[in-house]
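With chain A held as given, fit chains B, C and D onto it using these hints.
Number of protein chains: 4
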Amino acid sequence: MTHNETQREVEVRGHLIDSMILTRIFDRIMDLNGEFEVLEFKIGKQKTDYSYAKLLVKGKNSKHLQTILEEVYREGAIPVKLQSANFKAAPKDMVMPDDFYSTTNHQTSVLVDSDWIEVENQMMDKAIAVDLTKKRAWCRPIREIRKGDMIVVGDAGVRIVPPERPREGMDVFQFMSSHTSTEKPIQALAKRIADDVFETKKKRGKIIVVGGPAVVHTGASKSLADLIRMGYVDALLAGNALAAHDIEYAILGTSLGIDVDNGTSRHKGHRNHMVAINEVFKAGSIAQLVKNGKLKKGIMYECIKNKIPFVLAASIRDDGPIPDVVTEMAEAQRLYKEQLEDAKMVLMLSTMLHSVAVGNMLPSSVKVVAIDINPATVTKLLDRGTGQAVGVVSDIGVFLPMVVSYVKELENS
Amino acid sequence: MTHNETQREVEVRGHLIDSMILTRIFDRIMDLNGEFEVLEFKIGKQKTDYSYAKLLVKGKNSKHLQTILEEVYREGAIPVKLQSANFKAAPKDMVMPDDFYSTTNHQTSVLVDSDWIEVENQMMDKAIAVDLTKKRAWCRPIREIRKGDMIVVGDAGVRIVPPERPREGMDVFQFMSSHTSTEKPIQALAKRIADDVFETKKKRGKIIVVGGPAVVHTGASKSLADLIRMGYVDALLAGNALAAHDIEYAILGTSLGIDVDNGTSRHKGHRNHMVAINEVFKAGSIAQLVKNGKLKKGIMYECIKNKIPFVLAASIRDDGPIPDVVTEMAEAQRLYKEQLEDAKMVLMLSTMLHSVAVGNMLPSSVKVVAIDINPATVTKLLDRGTGQAVGVVSDIGVFLPMVVSYVKELENS
Amino acid sequence: MTHNETQREVEVRGHLIDSMILTRIFDRIMDLNGEFEVLEFKIGKQKTDYSYAKLLVKGKNSKHLQTILEEVYREGAIPVKLQSANFKAAPKDMVMPDDFYSTTNHQTSVLVDSDWIEVENQMMDKAIAVDLTKKRAWCRPIREIRKGDMIVVGDAGVRIVPPERPREGMDVFQFMSSHTSTEKPIQALAKRIADDVFETKKKRGKIIVVGGPAVVHTGASKSLADLIRMGYVDALLAGNALAAHDIEYAILGTSLGIDVDNGTSRHKGHRNHMVAINEVFKAGSIAQLVKNGKLKKGIMYECIKNKIPFVLAASIRDDGPIPDVVTEMAEAQRLYKEQLEDAKMVLMLSTMLHSVAVGNMLPSSVKVVAIDINPATVTKLLDRGTGQAVGVVSDIGVFLPMVVSYVKELENS
Amino acid sequence: MTHNETQREVEVRGHLIDSMILTRIFDRIMDLNGEFEVLEFKIGKQKTDYSYAKLLVKGKNSKHLQTILEEVYREGAIPVKLQSANFKAAPKDMVMPDDFYSTTNHQTSVLVDSDWIEVENQMMDKAIAVDLTKKRAWCRPIREIRKGDMIVVGDAGVRIVPPERPREGMDVFQFMSSHTSTEKPIQALAKRIADDVFETKKKRGKIIVVGGPAVVHTGASKSLADLIRMGYVDALLAGNALAAHDIEYAILGTSLGIDVDNGTSRHKGHRNHMVAINEVFKAGSIAQLVKNGKLKKGIMYECIKNKIPFVLAASIRDDGPIPDVVTEMAEAQRLYKEQLEDAKMVLMLSTMLHSVAVGNMLPSSVKVVAIDINPATVTKLLDRGTGQAVGVVSDIGVFLPMVVSYVKELENS
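Those protein sequences? They're chains A, B, C and D, same order as listed.
With the first letter of the first sequence counted as 1, position 11 gets the number 11 in our numbering; the numbers rise by one all the way through.
With the first letter of the second sequence counted as 1, position 162 gets the number 1162 in our numbering; the numbers rise by one all the way through.
With the first letter of the third sequence counted as 1, position 105 gets the number 2105 in our numbering; the numbers rise by one all the way through.
With the first letter of the fourth sequence counted as 1, position 320 gets the number 3320 in our numbering; the numbers rise by one all the way through.
If we strip away everything but chain A, and leave its shape as in the complex, we get:
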């Protein structure tokens, strides 16, 4: 940008109106007290057509213009006169150049020598590292940056495709948009989610479950175990508590000492979760506990039996944790990401910690269903700029069994 430049032509394509792309661009300019003229506007004549807009964006001075443009580019606009992306080498391991480009969770491309290179493993708040010879680009977390990595700086030559409002079919994501409510017709909602799980799997889409211990406490573990055995779950991401309580329930019938089947507090139940954890240590691992014949049912059992990968990430509040739990967080994050690759749908079941972690690792195009009894948790999980998320404020202990029973009906129909 030249020093005295105060206006620039930008253009944008897509479902500008109904996906609110143009709305957001106008918003950003006005929020920053900028001015604009619409130089050209071709609206899609039919609902499947793309629209096109060319705008002249004006700032009060060169710096003001730059400020506005940076925001406008993050909404999907690009300058009419294309500029290549700029790079700087990382000065040392785990350090990004000062002006590093910080990613969104939307599909992103980088202009290198007139070629748009799509960024791989898109995630939010990461740097983009580019291999200029192989013409590949990746989102890279700060701890994985190595001295000399070529990192995109500034926002020239970066193009974003914001998520579009889904317009085909009638899946739950259209049905609910991003609305969260405690007063929705809950059985209808369970049916829609069951449909979506069923249809996603029919098309061989990868489905990931992220779950918290409330799944076990509330008595929904049998339903999740069924879903795994029926082949709908491609990986389970959780923490120590889900596994420990699932094993406690499978071996001793309790969850945190409460008899899950009749609801009473079991005698000496307070020690049951420690007994379960001790059993896993004795066996050496959950898989070994299954092999020994001691673990015969439940969520973890079905994962082992059906060779469904699981990653258990430690947290500071763990008892134990059991030997399978990954206690090194950087490693746990790496393993989570590995499982999330190419996921089509993620079910977040009553865990804020692990769901936020997974949300940070997902591109905005992945379908997300977040279920929690706490509306604040659901709101937080949906508040990540994705057009493909649905939040359900309900009781996992009754809601999940209902979803799974609808999936079974679909299988038998």
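No lab work stands behind these hints, which were simulated from the structure alone.
This list has only true hints and no planted wrong ones.
Okay, derived cross-link-like pairs now, DSSO-like style, lysine-lysine, Cα gap no bigger than 27 Å in a straight line:
| no. | chain 1 | residue 1 | chain 2 | residue 2 |
| --- | --- | --- | --- | --- |
| 1 | C | 2380 | A | 380 |
| 2 | D | 3042 | B | 1058 |
| 3 | D | 3058 | A | 268 |
These stretches of chain A come out as covered by chain C in the derived footprint (C-beta under 8 Å, 3 or more residues):
| no. | segment |
| --- | --- |
| 4 | 37-44 |
| 5 | 368-379 |
Being a predicted model, the structure only gives us computed values, none of them experimental.
Just so it is clear, CB atoms sit at the ideal spot from N, CA and C, and this is done for glycine as well.
Using the frame of chain A, we list chains B, C and D on its own:
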């Protein structure tokens, strides 16, 4: 009390230890910086035996002692030397004498001429009016006090029986005590409540349902309608919204415009609740709408068909309200109380407003089950000094259908 | 509409893009599986310019088209070929004609003999009654409809102006848009609200406060009393509890028996709110209690002293209620509406019941600030299609004092 | 226990009534359908006296009796005929003997050769390892158990001292008992907590702060920084987010991109937390960033400047995390425990994850103040069998500044 009295002997009988009566008495004395000596203490040798304690309560001066005694009496103690109750006439309509005795929700008796008269229709925060010739006493709300009514003043001659911890059987109230939790085994809990509803009705106990519109929005209205038809509900206490949305659903299939069965937003649905309300005005009443053949199913339909009384109380936020709604609040309160007389069990389904109202009208001996997805609402409803209340934090749309299906199982077994 | 008509030209003007008007129109058509062509589109060249769009809307058949058009009209579009509104007389008192037009809370006009008549006292979910000779139109609740009233039916000749995104100044409504969050910088937010209260009053805008008893329980009553005395409050809308606890606090220093200033439970405090209520009955009214010299401070005192009108609406859960409370709900609603006329700003302080009531009575153009510690309450209050509402999830007991102290700073600067 | 023993004498000393010890013992016996006789009962004559009870506990058979006794011992009773504790060697590293005794968080002693040895670093749900020659005993987490460690098995020879109701002074813990409420007088509550912080520090009691990022987001970081500088904080336990956002705020004025001081969304603010993290990586550590002169204020700055130890524990959802964060969870737990040793008071500020972790590590005698805007979080934190915990449902962004300003007043008075 003489002016220079600084200590007094009091006594108390009951399950002093396990119902925590003595604990609370000691607490009150210490909170007020009083002193006490235990003059006599006979502990029940077996668990069904009553215990007895005689204490010497000491204050720093006469006033301090009086202060302490007032608190101690509210926990069930009475002076060893009995004093009769004192009365003053109400100076005018709707005005209590200044020193009026303000009631608890525990069973209360008044000492008149050496006879303990039990107070009728026990409620919290009311005055006690006594008919000295007929030897009867009643809790009376301020607006129903008439000039000249003899009102108990001070706390001499008033005896309270605090609620005891239930010790027979294994009903849900023992099982849960007053605990509220979002992580209970929810199916086990539904079973316990179903058992209790079933057993209460088998003994011809009166069951009252207090319900909010979320019952309809979430799709649980069919379950409540079933419960009414099956004979488990003796009266329905609600507001305009439950009735309006139930009728909207019965006539048009929607609740606030959302199709309850498939969850989609119905075209022109926004006007449906007004259409439903208009239909009731056209017919003149809900009963007339049933008679006309326009209302053929649902909660209100079953009430009319099965001659189950209902009271719909207006509120400031009502649309309409429909003609059956009682818009005068003093009258609505009177009608609620009438239905609550001799109730054995009250189910509070997702309504804070009406549930708090009902809670204020109940003696502490009535069993209460409060279900709401908001833990703060459940906590508030249970926080009324009753030993017979259980709170369930769950989604009424899935929890109520589960309870009702267990009741059906019990009927068929 | 002719029987075989399957397409119609409609047009719409306004800030189509940034107020998302066009987005919503496209959405509605696609949701209903309709088709459309954009015949003409003039986008505002600068940010203050209006845009204009002419669309050809297509349905599969005449009925389908009609369905789509009804939705599109509710978003602000009108047919290019104007049609006059249609009317039917109300068949009897409190009954609307079957096809009544059900209002939104947006500014609405009705086409009568080529004149657009603006509807007065705009509210949601009401009928429109028209005086054809005086050329005036009003929103009318069902209970106020009289036999023979001319009521708008169908949606021909009805035009809506959807609310626009505010674009001038930097008030809190721009700053927050409709976002609700528990993790906002809370002191900055308090400052913004104080600015807005101050500026609104400087322009002599009418400010209404809707408040619940938590204002008193949490110790914020002094702040609200200050705000009234300083002249920022034009009317107070509340219930029995706020008044009873405010008077309890003013006379006895407690709220529900808890000493507000040092937080301890006061001896015999349980009866204090009944004592306060009894005092008002003795005096005859709150005003009389002030005149008697018994009520000397607090919220109600300041209302009386400064001749600020207040309306206390009864509810089914009231103790008492005190004589000033309006126990007839239809009358209470009428009185609320009277005070809300021409309001510019409404502060909703920790009361869901009264806030929902007020929300139902407000046109979408009134600024609303809703403060509650429960995020679900705030979400519900904002979910009413208004572009002028801001929700604050905070503790009224500390937040309101902070706002009021900022207002004082503004007064002194 | 002999095979045909069905009854046993047990005894218990302490404030049996007002600390509810006897109540709980009776409860346990009755819950398990056991019988008991009170053989002897000496009640403390004055409120500071201990009481003594000797009970004969009866089971239906030897196993039933054993079941009852195990529960009764956990409430503080011990057999009249003392038995020594039993031990088994841990069979391998990280494996407890099957019948391991699982600890409570109450003060515990183990009877070894007629000596009661007090267990060190008391925590819940751990094993007790005993050094028989040195006569020392410790709570030991499963991962720290080494082959051959002598572990207590069964419950013979284990004595617990349940927490007593505090009876001196008028600190916040007496004032609030364990009540949690959103409708407490919040300013009075802030004063009480300030008093307690002030008094605890005056007696050189160790105060630990556990904090979440909401402290920074809501604008309370300056208050926490003040509290540290004034010498009231002996260690800070937190996660990556608190540190990252504190540094973001100190360097860039924003928290997650929002300008904390004026509440607006800062241009390019989305990248600010990554910039802050990158700055720490560039410097190498937070201490180095202070030394470089780049970090000049805030929570972390005050820790470094005043040599207050801090432990930042990683979690699966971290961005970065910054180099100071401990990413190995077993190590992080060890470091947390190290700082918690001998703590007198813990302030838990708006973080569920770290607060639960700390709660698990604390004996029941440590005072805990838990502040969160979500009542469910506060309830969960208090639900750990401690008589010394107080929960405040309020907005940390306004509540903490109020507490700190009261502490300053106390300093200046």
